[in-house]
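J.: Listed below, chain by chain, are the residues.
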Amino acid sequence: MIYFDNNASTKLDPGALSAMEAAFHLFGNPSSLHAEGRRARRAVEDAREEVARLVGAEPAEIYFTSGGTEANAMAIYGATAERGGSWVRSGAEHPSVREAAPGVPGRVVDPDPSGALDAARVVEAIDPGTALVSVMSANNEYGGIFPVGDIARGARARGALVHTDAVQAAGRVPIDVRALEVDLLSVSAHKLHGPRGAGALFIRKGVRIAVRTPGGGQEKRLRGGTENTPALVGFGVAARLAGERLLHDARAIGQLRDRLERSILEGISGTRAIGAGQPRLPNTSAILFEGALSETLLMRLDLEGVAVSAGSACSSGTLAPSPAILALGFSPRQARQVIRFSLSRDNTAEEVDAVLRCLPAAVAAVRQKADAPGPEAAAAAARSSR
Amino acid sequence: MRIAVAMSGGVDSSVAALLLKREGHEVVGLSMQLWDRSAETGRTSRCCAIDDLSDARRVAWALDIPHYVLDLQEEFAEKVVRPFVASYLAGETPIPCSACNSKVKFATLWDRARGMGCLAVATGHYVRKATGPDGDRTVLRKGADPEKDQSYFLWDLTPEQLSAARFPVGDLTKTEVRELARAAALPTADKKESQEICFVPKGDHAGDFVREHAGAMGLPLPTLPGRIEAPDGRPLGVHSGHYRFTVGQRRGLGVAASERLYVLSVDPRENRVVVGAQSELSVREARVEEMRFVSGQPAGPFRARARVRHRGVETPATVVPGEGASGRVLFDEPVRGVAPGQSCVFYDGDVVLGGGVLRVNVAAPPRTLNS
Chain L
238 MIYFDNNAST KLDPGALSAM EAAFHLFGNP SSLHAEGRRA RRAVEDAREE VARLVGAEPA
298 EIYFTSGGTE ANAMAIYGAT AERGGSWVRS GAEHPSVREA APGVPGRVVD PDPSGALDAA
358 RVVEAIDPGT ALVSVMSANN EYGGIFPVGD IARGARARGA LVHTDAVQAA GRVPIDVRAL
418 EVDLLSVSAH KLHGPRGAGA LFIRKGVRIA VRTPGGGQEK RLRGGTENTP ALVGFGVAAR
478 LAGERLLHDA RAIGQLRDRL ERSILEGISG TRAIGAGQPR LPNTSAILFE GALSETLLMR
538 LDLEGVAVSA GSACSSGTLA PSPAILALGF SPRQARQVIR FSLSRDNTAE EVDAVLRCLP
598 AAVAAVRQKA DAPGPEAAAA AARSSR
Chain E
130 MRIAVAMSGG VDSSVAALLL KREGHEVVGL SMQLWDRSAE TGRTSRCCAI DDLSDARRVA
190 WALDIPHYVL DLQEEFAEKV VRPFVASYLA GETPIPCSAC NSKVKFATLW DRARGMGCLA
250 VATGHYVRKA TGPDGDRTVL RKGADPEKDQ SYFLWDLTPE QLSAARFPVG DLTKTEVREL
310 ARAAALPTAD KKESQEICFV PKGDHAGDFV REHAGAMGLP LPTLPGRIEA PDGRPLGVHS
370 GHYRFTVGQR RGLGVAASER LYVLSVDPRE NRVVVGAQSE LSVREARVEE MRFVSGQPAG
430 PFRARARVRH RGVETPATVV PGEGASGRVL FDEPVRGVAP GQSCVFYDGD VVLGGGVLRV
490 NVAAPPRTLN S
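Line by line, the protein sequences are chains L and E.
So that you can map any letter, position 331 of the first sequence is 568 in this note's numbering, and since no number is skipped, the others follow by simple counting.
So that you can map any letter, position 34 of the second sequence is 163 in this note's numbering, and since no number is skipped, the others follow by simple counting.
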């Protein structure tokens, strides 16, 4: 299996796995005062330090959650409920942001068709009633990196809080909450080779948000619920490794991605790379294959042992066109022809070669399927049938 | 060989996948999401529901084959559901399963499967394929189990569609299929059969569906009430939608009479339903359109045994192809309950020669048994 779907989830790092295996034995409740509880507490707080370091925050500003979605919901619900008013977001946000504030009036600023988001347009959308601006650090579908720092400075001047969903960016490009000047920032463990089910929200010291899950008062009364010690331990190790390896990995992955993308664009006609030429994550390439239904291409590649993604999955297992791609101004038909390749440090040059070998025939077959029925293949199948 | 199996979540397609897997093929399970029933909150129906998709997925897990769900709702609405509603409003009784087979399953699904590199597409239908008498063409045969034969729903495949199709359970009886499923511990082994139209909510009449969906499809509904009349025009009662009636129908007419009355014809233009005695139901001739010959094009008029409804009797007949894809079927004996919109399927023994869609008989008034 060649796994090029790392924006969906990544393989757990072996170091994180072994740390987690040990942490499963830390069965105490981190809130308990006894020795078993203290051991678990220490493991959780060590993890908090690692996550804080990855994004340039103080450990006291890191609040653990069950993942990116919960962190986004906590930030957006918390800020809008605390302050009242409206919010502003980009049109390329993940559903966990898009759907986080039902009933709260919002304004949406789309990126332009090049993939870039104009910071000035976002800032202009802020008015005195705007409680929060939420703009992702990097887009999950095509990897576009948005000017969160510029937006945050403009928003600050206008009195709005700023949240950024850094789930795709953290561990892939340098993230520093001080340089970005954001108030709230979400990260997720499983996009950086940590486990699923762990995430964190950075809340700048002094920023108040409404509490969504008070419960037993954990996470300084902002997020009740007994801490998931093994998952947070895995998150901590993964965050540390991601930080240590970031510059090296980003360069190596970027070279693989660039070669994959360049070879596809040169070798297969009717293709274009979405968001290329604008600031982008080094691991992501979203390619529009004109005339090829991406869902079928995904299935075909899966049968060949290559995992990619196309659009957003529905509960029934079908695919809808990606909202982010639509937000760039592509038609629904075009949005159904986009395949996302997202790489990680686990991928190799040989895997890129293998994908480049099987892709042209796969694309040709998927493009051809709209023709009249009855190709040679069907006739051959008939001859060999009962 | 890489083969797609259209998996409905029922036992028949489950066993189809099982048998192909045992033959050593690379089997790919494909399920279709056809109709969104989220609007029907609190109502459940069979077939296209998510539960069936998850049954198909469980079978795929058990067989260790890849399984994908294809969202074919647009195709299904356009090629099956809208024509279904339009046909009822035109006074006919359509067969949506045929349209689904030839225009969605063996069309869009097969297209997608080919894109995935599949060389054939299999279903759980009880029909068989064979080589024709001249040795160079494939013919469609009835299933081996006379109780389960589904050839009546597959006559309108093109020869190209037939050549790509595989029917692994066609040689088996339903009992054998269930035994195979049980022996392989497939989760669908004892699943109940679905008989209803998959997109019509359970317990509803097709007419309810027509009334609910015609407006959204831009198809005008007739004004109510309409008239129920005797063949001579004598008023006998009123009806709540001519699309609720099918030629040959006896129950639910809401007309009191000394003799048993049957629907003789449905006339959408005059918004009336004509009822009469059973003897008046019989015809010696029927007009068919959209004729297709899955097992090979005939040179001219030919003899066949004709069937005008699923599980109906076969009547010896002469089929006379006419202009385009229309033609006439001359039955050797009178046939009752020839309902426009239903299929007329032509057989030679157990070979399906082809068929057509029955249309209103404009040529001749109903003839009695004595004519």
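What the hints contain is simulated information worked out from the structure, not anything from laboratory work.
Any given hint might turn out to be false.
Said to hold, decoys possible - Covered by chain L, according to a simulated footprint, are these stretches of chain E (three or more residues, beta-carbon under 8 angstroms):
id, region
1, 230-244
2, 477-483
Claimed, not checked - No farther apart than 20 angstroms at their CA atoms in a straight line, the calculated lysine to aspartate or glutamate pairs in the EDC-like style are these:
id, chain 1, residue 1, chain 2, residue 2
3, E, LYS321, E, GLU276
4, E, LYS150, L, GLU541
5, E, LYS150, L, ASP349
6, E, LYS303, E, GLU325
Using N, Cα and C, we set each Cβ at its ideal position, and we do this for glycine too.
J.: Confirm or reject each hint.
T.: Hint check results:
For the region 230-244 of chain E, the stated coverage by chain L is satisfied: 6 residues place a CB nearer than 8 angstroms to a CB of that chain, which reaches the threshold of 3. Coverage of the region 477-483 of chain E by chain L is violated in this model, with 0 residues showing a Cβ closer than 8 angstroms to a Cβ of that chain against a need of three. At roughly 16 angstroms between alpha-carbon atoms, LYS321 (chain E) and GLU276 (chain E) fall within 20 angstroms of each other, so this suggested pair holds. Distance check on the hinted pair: LYS150 (chain E) and GLU541 (chain L) sit about 18 angstroms apart at the alpha-carbon level, within 20 angstroms; holds.
For a cut-off of 20 angstroms, the pair hint linking LYS150 (chain E) to ASP349 (chain L) is broken: about 49 angstroms separates their Cα positions. About 18 angstroms separates the Cα atoms of LYS303 (chain E) and GLU325 (chain E), which keeps this hinted pair within 20 angstroms; it holds.
Hint compliance for this structure: hints 2, 5 are broken, all remaining hints hold.
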